[in-house]
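J.: Spelled out, the chains give:
2 protein chains.
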Amino acid sequence: MLKAKIFVRLKASVLDPQGKAVTQALHQLGYSNVNDTRVSKYIELILDETDHSKATETINNICDKLLANPNTEHYEFSLVEVEKP
Amino acid sequence: MLKAKIFVRLKASVLDPQGKAVTQALHQLGYSNVNDTRVSKYIELILDETDHSKATETINNICDKLLANPNTEHYEFSLVEVEKP
Chain E
1 MLKAKIFVRL KASVLDPQGK AVTQALHQLG YSNVNDTRVS KYIELILDET
51 DHSKATETIN NICDKLLANP NTEHYEFSLV EVEKP
Chain A
1 MLKAKIFVRL KASVLDPQGK AVTQALHQLG YSNVNDTRVS KYIELILDET
51 DHSKATETIN NICDKLLANP NTEHYEFSLV EVEKP
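Those protein sequence lines, which keep their order, are chains E and A. The numbering used here applies: residue 1 is where the first sequence begins, and numbers increase by one. The numbering used here applies: residue 1 is where the second sequence begins, and numbers increase by one.
No lab work stands behind these hints, which were simulated from the structure alone. Not one of these hints is a red herring.
Which copy is meant is left open, because identical chains are indistinguishable; a pair holds if it fits in one copy or across any two.
Distance condition first, Cα-Cα at most 27 Å in a straight line; then the derived DSS-like pairs of lysine-lysine:
hint	residue 1	residue 2
1	K5	K41
2	K20	K54
3	K20	K84
4	K20	K5
5	K84	K11
6	K41	K20
7	K3	K54
8	K3	K41
9	K3	K20
10	K41	K65
11	K84	K41
12	K3	K84
Keep in mind that this is a model prediction, so the values were computed, not measured.
Hey, can you work out the whole structure from these sequences and the hints?
T.: Structure (structure tokens):
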């Protein structure tokens, strides 16, 4: 079995309103030395697959079809082997 | 300047409805070998601070006060040095 660790982030050119809101809230709480907050998704999933190249293809498809918005987001992932639970 | 890379995850004992929804959607798309999806937040922010122990204290406070819900979530983070932009 493989565990996929997937980051889905807004492209650098895309405004991150959630990140802006966090920065503003932190400034209001007195943390004026915090800036450039970016909020992303981090997704872990278990793949019942042992072949790394097949798993890579599957995760690319999953990200393209469901997890990431190709217009505004990009993704990256790594695979680690895990024991069956 | 330091960049903080913060993961905010649901505790293992807490149901992750977003993760369940992703698993179901993937099954419907034909990816029946995917299971146990967990969706977390990944936050990056820039701290105008050079002292690692002060930065660690600040990020702990920020997570406790704003970024994580202590009832249902836990967090972990790392700090990396970055150049001034």
